[in-house]
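Visitor: For the protein sequence lines, the chains are A and B, in the order given. Note that the first sequence covers residues 151 to 381 in the numbering used here. Note that the second sequence covers residues 494 to 889 in the numbering used here.
Everything labelled a hint here was simulated from the structure, so no lab data went into it.
Computed footprint of chain B on chain A; a stretch qualifies when at least three of its residues, placed anywhere within it, have a C-beta under 8 Å from a C-beta of chain B: (1) 203-211; (2) 225-233; (3) 247-254; (4) 260-270.
Sample of chain B residues with no beta-carbon within 10 Å of chain A, all distances over it, derived: (5) A521; (6) Q611; (7) Q674; (8) G704; (9) F866.
Just so it is clear, CB atoms sit at the ideal spot from N, CA and C, and this is done for glycine as well.
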Amino acid sequence: MSDDILFDLKGVSKKFVKGKDTITVFDGLDMSIARGDFLAIMGPSGSGKTTLLNMLGGVDQPTGGEIWFDGSRIDSLSENQLAAWRANNIGFIFQFYNLMPMLNAERNVELPLLLTKLSRSQRKKNIAAALELVSLSDRARHMPAEMSGGQQQRVAIARALVSDPKLMLCDEPTGDLDRETADEILSMLQLLNREYDKTIVMVTHDPEAAKYAKRTLHLDKGVFVEKDLAA
Amino acid sequence: MAGFFSQIWTVIVMNILSLPRRAWMSLAAVFAVAVVVAVLLAFLAMAKGFEKTLAGTGSDKVAIVTRVGSQSELNSVLGRDTVNNLTTAPGIAPDADGNPIYSSELFVIVDGIKRNSQTQANIPMRGIFLEGFDLRENLTIVEGRAFESGRNEIVVGKGVQQQFEGFDVGAEIRFGKTAWQVVGVFSTGGSAFESELWADAPTVQSQFQRGSSFQTVRLLLANADDVTPIKEFIDNDPTLNLDVQTEADYFASQGEALNGIAIFGWAISIVMGLGALAGALNTMYTSVAARAQETATLRAIGFSNTSAFAGTLAESMVLSIVGGIVGAFAAWLFFDGFSASTLGATFTQVVFSFELTPELFANGIQLALAIGFIGGFFPAWRSARVPVVTAFQGVE
Numbered sequence: 151m152s153d154d155i156l157f158d159l160k161g162v163s164k165k166f167v168k169g170k171d172t173i174t175v176f177d178g179l180d181m182s183i184a185r186g187d188f189l190a191i192m193g194p195s196g197s198g199k200t201t202l203l204n205m206l207g208g209v210d211q212p213t214g215g216e217i218w219f220d221g222s223r224i225d226s227l228s229e230n231q232l233a234a235w236r237a238n239n240i241g242f243i244f245q246f247y248n249l250m251p252m253l254n255a256e257r258n259v260e261l262p263l264l265l266t267k268l269s270r271s272q273r274k275k276n277i278a279a280a281l282e283l284v285s286l287s288d289r290a291r292h293m294p295a296e297m298s299g300g301q302q303q304r305v306a307i308a309r310a311l312v313s314d315p316k317l318m319l320c321d322e323p324t325g326d327l328d329r330e331t332a333d334e335i336l337s338m339l340q341l342l343n344r345e346y347d348k349t350i351v352m353v354t355h356d357p358e359a360a361k362y363a364k365r366t367l368h369l370d371k372g373v374f375v376e377k378d379l380a381a
Numbered sequence: 494m495a496g497f498f499s500q501i502w503t504v505i506v507m508n509i510l511s512l513p514r515r516a517w518m519s520l521a522a523v524f525a526v527a528v529v530v531a532v533l534l535a536f537l538a539m540a541k542g543f544e545k546t547l548a549g550t551g552s553d554k555v556a557i558v559t560r561v562g563s564q565s566e567l568n569s570v571l572g573r574d575t576v577n578n579l580t581t582a583p584g585i586a587p588d589a590d591g592n593p594i595y596s597s598e599l600f601v602i603v604d605g606i607k608r609n610s611q612t613q614a615n616i617p618m619r620g621i622f623l624e625g626f627d628l629r630e631n632l633t634i635v636e637g638r639a640f641e642s643g644r645n646e647i648v649v650g651k652g653v654q655q656q657f658e659g660f661d662v663g664a665e666i667r668f669g670k671t672a673w674q675v676v677g678v679f680s681t682g683g684s685a686f687e688s689e690l691w692a693d694a695p696t697v698q699s700q701f702q703r704g705s706s707f708q709t710v711r712l713l714l715a716n717a718d719d720v721t722p723i724k725e726f727i728d729n730d731p732t733l734n735l736d737v738q739t740e741a742d743y744f745a746s747q748g749e750a751l752n753g754i755a756i757f758g759w760a761i762s763i764v765m766g767l768g769a770l771a772g773a774l775n776t777m778y779t780s781v782a783a784r785a786q787e788t789a790t791l792r793a794i795g796f797s798n799t800s801a802f803a804g805t806l807a808e809s810m811v812l813s814i815v816g817g818i819v820g821a822f823a824a825w826l827f828f829d830g831f832s833a834s835t836l837g838a839t840f841t842q843v844v845f846s847f848e849l850t851p852e853l854f855a856n857g858i859q860l861a862l863a864i865g866f867i868g869g870f871f872p873a874w875r876s877a878r879v880p881v882v883t884a885f886q887g888v889e
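Isolated chain B (complex conformation):
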C-alpha cells in the first residue's frame, strides 16, 4: 500500500513540476477560472452587502405600521385620525410622561445625480419629526446639525452624500420648485436609512402637497419583538385597515425581493464556468498529450493506471485552485467594501457596500474545484486508459 501511495504522490509531484513546460496554456486555464470566481464573488458580495444593509436596518424594538395591502412604505397612506387612534394601542413603550413613543413619517421621492454615472436616480426623502430620530439605532449626526422644524432644511444620509452630487453641508438643492438647505449628514452604522434624506415632516407635507397624511407610523414596543397587543388592537377596530410588523421583519421581507442578485450571480457564473471548463479540458488534454511518453514510460516501469489518473486530476485541481485563489483575491481587492447603490423595493436607491465573507471565499474555491475536477477527470481517464504501446507511438 505504501508503494501505491508513493507512486501516486510521485506522479502528482512530477506533473506539477512539469507545469512550467506548458506555462502559457496553464496560465490561460488559471486565468479562465480566476475570472469565473471573481465574477461569482462580485455578485455574491453584492448580494451579501445588500442583505446585510437591509438586515442591519430594522430593529425588533420598533413596530412599523402601514396600510393593509401596501407592500412598502411608498404606497401606504395613513390619515392623521388613524395615527392618533393607533397611538392609543397597548404594547407601545411610554416616555417619562406616560405618552406613547412613536414617529409618524411620510415618504416622497426626489431626484439626484449619481456621481459615478452622472445619471438621474431616485432618492427617498423622509418627512420625520425630531422625535423619530430616537427610534433609529446607532444614529449620529456626523457633520453639521439636525434640521429645524418648519424650515426647508434637510439632513442627508452618509450613503447619499457618497453616491450623489450636491449634498455637501451648506449646499442648496432644488426639488421641483422648492429649494432646500443641506444642514447636516447623519450615519446609522451602514443601514439603509443612510440612503435617505430627512426633513421636517410638516414641511415635507406642505411642500409636496400631502395635506396632513402620513405613510407609516413607527412605534417603540413595550416588549421587544412583541407586536401582538398592537395587532389585536388593530383587529378589534374595524376602522383601522392596518398591517403591523417589527421593523426587522419589514426590512427582511424587503431584502428577500432582491435575493435574485445571488441567483443571477450563480447563473452567470455557471455559464461562464462552462467556458472555463472547456478551457480546462483543452489544457488538460494538451497536458496529457504532452506527457504521453512520460506516462507511458512510468507505466512500462510498473506504475499503475491509478497513478496516471491521479496525477492528471491533481494537476487540473492545482491549476483550478490557483485560479480560484487569484480570482478570490482579485474580487477582494476590487470589490470588498466597494460602495454601490441599487434600486430598492421602493424604487429608490439603496446604498450598500459589497462584502466578501469567508463563506463566500469558500463558495468561490468550491466552484474552482468543481471546474478543476470535471476539467481534469476526462483527460485523466484518457491518460490512464491509453495503452502503453499507443502512448509510446504518440498516437491518440
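Pulled out of the complex, with its shape left as it was, chain A reads as follows:
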C-alpha cells in the first residue's frame, strides 16, 4: 500500500438480515482515500453512503472484505480496540451537531481530550486553539442552547479537530443549516483540508456542498461512480 493512502477498502461487503430477507448494501467494494484528500460522497437515500461512513469510522463492521487504515487492518478489531482507534484517529461531525446539551462549548470540545494523557493545562491550550480556529473564543462558556445552529456546528468542528485526528468524517454537516451558514462551515472544512492537511470524508445530499471537496464519489446501490468536481 502506498504511503499516500490513508484508507484502503478491499472487497468490502455489508449485508443486513431483516426477517427472512438479506439486504446487500455493498458487495465487493474497493476504495482508496489518499492522505490530504477532501472527498464528498453523494447519492440517493438508501445508496449506502452513511453505512460507508460508519464503516470508515469504525462504528459499523463489514460482513466481508478488509478495511485498512494507515497500514493497519481495522475491521477485525474488537469494540474496545475500535473505540481507542477512533479516539486516536477520527473526528466526527454530525448533521445535528450532537453536542452535549448540559456542557458548555469548551467542555464539549474537551471531550476527545479526556481520552488522552494530556494535562489539564495542555487540554486548556488545545481547547482555546480549536475554538479560535472556528472563531468561537468568545463563546467558550456558552451552552449549546445559547448558540445558533452554525455556531453549534463550529463547536462540533472544534471538538472533531481538537485531538488532531488524521481523518475527519462529516455526515451531512450542513444539512440543518441555511445556505450562508452552510458556506461558512464548508469554507472552514476546506481551510482545514488545505491549510492543516486534514483528510476529510463528507457525506452530503447537497451538490453545492460537494463543490468544496477535492473530489466527489457518487454512490448508487453500493457502487461508485467517480466524477472530478475539483476546481
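Got chain A sorted already, so can you dock chain B onto it with the hints?
Guide: Same frame as chain A, but now just chain B:
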C-alpha cells in the same frame, strides 16, 4: 488509566447534569425509593423502640420468681406459703435488720380507652407493696404521690397517662364495680413498667377476689446476676415448683416474642422494594433511551462501553440515595420519638417510643442502594451494549 477514569467521571457528571431534563420521572423514582425506606425505617424504629423499652425494664440485680411453666407474670400463681418459704432462700440481699428484701406482687388486667383510637385496650394493673418500689430502678413519682395502703388508690405509669384517657391525677376511674382514685404518676425512665397501673397489693387481692395469692415474687439479689443459690434452694425443695431468673433475662425473653415486628418490616419493605425496583428500572430504561444519541456520540468519539455503563449505574444510584435520604429523613421527622403502644406478651399494652438509630439509617440507605444498583444495572448493560449505529438510528 487516567483517561479511563476521567471518561467514566465525565459520563457520570453528564448523566447527573442531565437529570433535570427527566425531572418528573426522576422524582417519581426518588419518591418510590423514599416511601420504601420510610416504611422500612418505621417498622425497624418500632422494633428498636420496643426492644429498648423491654431491655430497659429488667434489672440484673433483681430475680423474678414465677410458677413453673408460666410464660409470663400473667399466668403464674404463688400462694402465700410459697412466698414465705421462698424468702428464706440464700442469695437474697438483706435489709438493715437482716430481713430479705423482696416484693410479692399480683397482676390483673383492666380496661382503658386509648386516646388516639378511642378503642378499649388492656392495661396491666399491678398489686404491689410500697417496699416493691425500691426494686425498680429510676423510679420517681413525677406528679402527685404514692398510693396509701388499704385504700382504693392507684399511681399510673407515665406511658399509660399519655396513651389512655381518664388517668389524670385526681380523677376517679372505675374497673368493674370498684372505683379507684388516681393519686400520682410515676416514671421509670421509659421502661415497660410505665405501661402499668400500681395499687396496694392487699387491696387489689381483695377487690379482684384473689384471696391471698400472688403471681410473682421479686427478690433483690445479694450478688448481681447470680440466681444460683436461689435456684438450688428451689431445686432442693420438692414443694416449690418455681422458675427463677433475673428480671433482665425475663424481659429479654418477652421481647424476643416480638422480634417479628422487624421481620415483618423487612418483608413488607422488600415487597414494596420490588415495586420501587420496577419504577427504577422503568426510569433508567427511559433515561437510557433519552440519552441514546449522547451515549452513541460519546462512543463514536472513543469513549468506552464501561463509561456508558458506569454513567447509567451512577445515575440510578444517585436517584436511589436521594430517595433513601428523603425516606430516612421523613421517617425521622414523623416517627423518631413517636409514642405508641402494642400488645405485650401478657396481652396488655406496652407503651414505647419509636427509635431511629444511626444503624437503622444505614439499613435504609443500604436498601436504597440495593434498589439503585439492581434498577440501574440492566439499563446500564443495555446502554453499554447497544451498537453505536443502532443508537444513532434511535432503534432499540
